[in-house]
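For chain A, the structure is supplied; the task is to place chain B on it using the hints.
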Amino acid sequence: GDSVTQMEGPVTLSEEAFLTINCTYTATGYPSLFWYVQYPGEGLQLLLKATKADDKGSNKGFEATYRKETTSFHLEKGSVQVSDSAVYFCALSAPYGGSQGNLIFGKGTKLSVKP
Amino acid sequence: NAGVTQTPKFRVLKTGQSMTLLCAQDMNHEYMYWYRQDPGMGLRLIHYSVGEGTTAKGEVPDGYNVSRLKKQNFLLGLESAAPSQTSVYFCASSTSVHRTEAFFGQGTRLTVV
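Sequence order for the protein chains is A and B. Just so you know, we're using our numbering here: the first sequence kicks off at 14 and counts up by one. Just so you know, we're using our numbering here: the second sequence kicks off at 2 and counts up by one.
Hints may contain errors.
Said to hold, decoys possible - Mimicking BS3-like on lysine-lysine, the simulated pairs with C-alpha atoms at most 25 Å apart in a straight line are: (1) B:Lys58 <-> B:Lys72; (2) A:Lys127 <-> A:Lys73; (3) B:Lys58 <-> B:Lys10; (4) A:Lys120 <-> B:Lys10; (5) A:Lys65 <-> A:Lys90; (6) A:Lys123 <-> B:Lys10; (7) A:Lys120 <-> B:Lys58; (8) A:Lys65 <-> A:Lys120; (9) B:Lys58 <-> B:Lys71.
Read the hints as simulated data drawn from the structure, not as lab findings. If you're wondering where the values come from, they're calculated on a predicted model, not measured in any experiment.
Same shape as in the complex, but just chain A (with noise of 0.2 Å):
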């Protein structure tokens, strides 16, 4: 069935460090690839996403490629911040596989930054 695969956590970085998250999926068809973010005490909202091969998906900095051949989509950023700690979820969406679309998350990555 569909899946999702995520580097395990924690993370911690110091500020300025270079960021990445492995991400690699299983899916029927061709999946619509997410991350979201979970800040403290909050819900998760979506950070970037790409819904075809090839696409990147970029914000605050964030950058993910959508990688056919590697089934993979994974998170990176040049330059992390205090503020950027959080828990970074992977997800897809895949309509024709058993999870009818449904978004498919991985376990979540926790990532604290030390100043």
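Positioned in the frame of chain A, the structure of chain B alone reads:
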């Protein structure tokens, strides 16, 4: 601009008690969802609705019921709460199911003792 509002934000139940979680959205979205979030498990879909008067089971529906009598509201019920239902519950809504952003509420932290 309220978005998705969940009521209550916190609740403690005794085993066997019942309760209803309310989700309200003001964006005229057709699709609404209930998820539960558990440590190390990510978010798992409990039930969802593709429009007023419709509901469908998600990945982990057992022990829960839902109703969507009005387009803007989606209710999640626990008839007989169990400690395994201790979790953080999130409601979300979207305009359609594919390629579109889902908007989430702030969550309800439920503890069953």
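Verification of the hints:
no. : hint                 : verdict
1   : B:Lys58 <-> B:Lys72  : 18 Å, holds
2   : A:Lys127 <-> A:Lys73 : 19 Å, holds
3   : B:Lys58 <-> B:Lys10  : 24 Å, holds
4   : A:Lys120 <-> B:Lys10 : 23 Å, holds
5   : A:Lys65 <-> A:Lys90  : 21 Å, holds
6   : A:Lys123 <-> B:Lys10 : 23 Å, holds
7   : A:Lys120 <-> B:Lys58 : 21 Å, holds
8   : A:Lys65 <-> A:Lys120 : 23 Å, holds
9   : B:Lys58 <-> B:Lys71  : 18 Å, holds
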